[in-house]
Amino acid sequence: MTKSTKNESGSFRDPSGNIFYQNGNVYRNINFVYQNDYDLLMDSGLYTKLSSQNLLVKHQEISHSKNIFKVIKPNIIPFVSYPYEWCFDQLKAAALLTLNIQKIALDYNMSLKDATGFNIQFIGQKPIFIDTLSFEKYVPGHPWVAYRQFCQHFLAPLTLMSYTDIQLNKLLLSFLDGIPLNLTTNLLPILAKIKPGIFAHIVLNATSQQVLSTTSENKNKYKVSKLGLMGIIDSLISTVSRLQPKKYKSTWGEYYSNTNYQTKSFIAKKQLVLKLLKNLSAKSILDLGSNNGLFSEVVSKTGAYVISADYDQNAVQDCFIHIKKDNVLPLVIDFLNPSPSLGWANAERKSFWDRLNIDVIMMLATIHHLAIANNLPFAKIASTISAKCKYLIIEFVGKDDSQVKILLSQREDIFINYNQSSFESEFSKFFKIIKKENIPHTSRTLYLMQSL
Amino acid sequence: MISQKTTIETLTTTTLISIIYPKVAHAYLDPGSGSYMVQMFLAATVGFGYVFRGYLKQIKEFFKKHDKIDKK
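The listed protein sequences derive, respectively, from chains A and B.
Here this note's numbering = 1-based position in the first sequence + 1094.
Here this note's numbering = 1-based position in the second sequence + 105.
It cannot be assumed that every hint is accurate.
List of simulated lysine-lysine pairs, PhoX-like, C-alpha gap at most 25 angstroms [what the hints assert, rightly or not]:
id, chain 1, residue 1, chain 2, residue 2
1, B, K165, A, K1197
2, A, K1320, B, K169
3, A, K1167, A, K1143
4, A, K1358, A, K1167
5, A, K1197, B, K162
What follows is a set of in silico ranges between Cβ atoms, one per label pair, in the way DEER data are often shown [as the list claims (entries may be wrong)]:
id, chain 1, residue 1, chain 2, residue 2, range
6, A, L1190, B, Y160, 42 to 50 angstroms
7, A, Q1365, B, R158, 52 to 60 angstroms
8, B, I164, A, S1375, 39 to 47 angstroms
9, B, F157, A, K1395, 46 to 54 angstroms
None of these hints come from the bench; they were simulated from the model.
A virtual CB, placed ideally from N, CA and C, is assigned to each residue, including glycine.
This is chain B alone, in the form it adopts within the complex (with noise of 0.2 angstroms):
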């Protein structure tokens, strides 16, 4: 099964490349500034993505810990 992550990361980075590929590149390359952007648009995904699961871990271990009083 395909995750939620899975499919937003694809529809976003497929979407991009499509707006940015292929364009001329520049002579003189600052390799840092590229990552840079490619960063600022992957911490809006992934970042949203790490948010996700860290409230679904919460939600597990809530359950988890309930689960086990009742078992008592």
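So here's chain A without its partners, still in its complex pose (with noise of 0.2 angstroms):
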């Protein structure tokens, strides 16, 4: 290994192999305990099956050194993100991507050893499989290794966002493994547990796990037959595919046809916004506070990768359901409170904030959401979002606006320092203001900055 060679602080639970990054590219170690299974997997033709619909990643195999038994390249995801970041859509597509390709499995006598979350990427809208090391040869008779974990991961979450709150999906936040399957049935309401595919795959799971599990237990006593093996897969893939998510009225799930913009300074400030990124030949966008999406598409327009974050599961949905780019990624952050750093070592999964490398960071209408409703001062704002991007396109909106009397009637106005001249002298202590441009019809500015 190079110097330049780093490993995957969260690649080490699997045995067979390992990811390291060297010189910006990605590799998988595969060792030879999994020689046969990886054979299997390229010579069945699994391979080509999966990653011709672009369900599994693409790979190539490279030179390696002989104490190794392949090294190979998958391609490039743009951007990692996690289960937690996922809306109601976005977790049910990844859901039924992995019951999909377990299914195809079985028609090549393979079988998925894992289904964790995790396992999934997003690639704009499209899920797709990036453990090329999660097949194993299928032993017949044997049940499906991975199905408490695929309950635990998707199932559970799924049903809950469905049935009791949509929000539940943090859940994921603090069980790395999947939410436990009795706390699932604890949370459900009675109504959901009768449903025969909820009961069969959380209850009768949750409660046979607390009661017939003993490590005495001979696991090779339990024969399922493959015909067995797809009904349930079957029945999962028709459980999972009735789960609607749950309504809740949410501030921002409706805002551009509740707020006062009118139609022509909103054209106008889609025009802008085109402008300001002009010759900037940003490869990627973060549109932090994005509602449903309106201005990523807009923006995504110049080619570049946008990723399309809010807190508000209502407006993630509808970006997610609404905005079919493959270069749009819809997520939900809430900015005030992004994801952590998380697992061994507080290592595993890495948190928002680590994961950011971006040209361009966006933030129209966001401001004042973030200076008056959570009483963050201009400067920490331009501190954090300097060191994490290269330019930043940014909205002043004054408390003449409209949006913003509504948020100061509701408290007291304390925040004397907010207006543009302060706005402008302290984010220039971390960029350097380039343009800026008064949006048409309103009193609210855009500016290009560049972090210093």
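Two independent chains are provided; combine them into the complex using the hints.
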């Protein structure tokens, strides 16, 4: 290994191999212990079948030293995200992809040995399976080893988001190996628990784990025919497919239809944002506080990969359903409390900030929410943002704006420094202001700034 | 209308839960074997439904084909 080689801190559980980085590329070591399964994956035609349909990440084999079986170079995922950052339909799409892959794998006499949410990534709106070493030879009569994991990682959060509360996907932050099925059972209403699919895969599964599991049990005595296994996968697919997100009224779900934006100013704002982006040749854009992704879609036309982040489940859900673009990735991110580093030694799953390395951060109509609704000083916002981007496109919304008036009507105005000159002077400590444009028919101003 | 699959699933699972619930949980759990047991039970019920639906699909396709030929 050369000096620039770095092992992925979250890749150590599977003895079959591990991920490492070298000169900006991602590689995967494959150990001899996985030799037979890897050969079967490649020679059976399963790899070609899955990768040609973009269900499994494509890779190429590269030259390597003799003490390792193989080294492969998988295609790069533009931005790594985690299940607790996905909206309902993203998690559902990831679940159905996992089941679809397991179904196809069984046709090729292989089976998934893992079914965690972390094995799926999104490229824009499309989910893709990234763990090439998750496939093992199917042993006739053997149950699906990853069945419980699938239920905990996918079925449990989806069921809770469907029947209890849409925001319960955040439980995945506390339970990295999926939400325990007994906890899920406790949180579900009786109406959900009597649904056959949920009863079988969650309630019964939870009970049997508590009651029947002992280390003295001989696992080999449990036999499941391939037909039965296909039936289980089929039943999981229909259970997941029937789940719908629980409706709740949020502030942001219908933001654009509720605000007093005039159409003229809206069109002008779109054109201005595109004008400011021109000549920056941005490859990546983070739209912070993106709502339903309206402006993410606008800036995606530049060809940049856009992360459309908002804390509101409904808004992100709306974005995921309506914007079908390969270069727009919607994520549920609370900017005031983004995903932390998690897992073993707090290094298995990186924090949202640690994963960020962005050309342009876009903050449209968010500054007043940070500064007024959440008491964040301008200096704090500017220093944090400047560390993560080359350029910043930010909209300043003054106290005379109707939306700010609404915010201030509900609290005492303690924000004596909330004005445009103070905003400019504080941001100038971390950025160079390149352009400044007034949005027609509004009192709002758009800035293009360069990080110092 | 409740499907045949739904009825079979509900009946079997309700019977099962009444048999195995509640008992004392063991201190050292291997979560895997619990789910293996469930899979064995489920395979028997949903496996039947899977085969049944497979046949049903074939029958439907058979009639669809003949329907088309007749119309011609």
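46 to 54 angstroms was suggested as the range; check whether the CB atoms of B/F157 and A/K1395 agree with it. holds, 50 angstroms
Under the criterion that the straight-line Cα-Cα distance not exceed 25 angstroms, is the pair A/K1197, B/K162 satisfied? holds, 18 angstroms
In this structure, is the beta-carbon distance linking A/L1190 and B/Y160 contained in 42 to 50 angstroms? 25 angstroms Cβ-Cβ, so the 42 to 50 angstroms window is violated.
A range of 52 to 60 angstroms was offered for this pair. Does it hold for the Cβ distance of A/Q1365 and B/R158? Taking Cβ atoms as reference, A/Q1365 and B/R158 lie about 54 angstroms apart, which means the hint holds.
Cβ separation of B/I164 and A/S1375, checked against the hinted range 39 to 47 angstroms: Cβ of B/I164 to Cβ of A/S1375: about 59 angstroms, so the range 39 to 47 angstroms is violated.
Next pair to validate is A/K1358 with A/K1167; report whether the Cα-Cα distance is within 25 angstroms. violated, 49 angstroms
Taking only the CA atoms, is the gap from A/K1320 to B/K169 under or equal to 25 angstroms? Between A/K1320 and B/K169 the Cα gap is close to 29 angstroms, so the pair fails against 25 angstroms, i.e. violated.
Hint consistency between B/K165 and A/K1197 [alpha-carbon to alpha-carbon, up to 25 angstroms]: holds, 23 angstroms
Agreement of A/K1167 and A/K1143 with the hint, judged by alpha carbon distance not exceeding 25 angstroms: Holds. A/K1167 to A/K1143 sits at ~19 angstroms (cutoff 25 angstroms).
Consistency note: the structure conflicts with the earlier hints numbered 2, 4, 6, 8.
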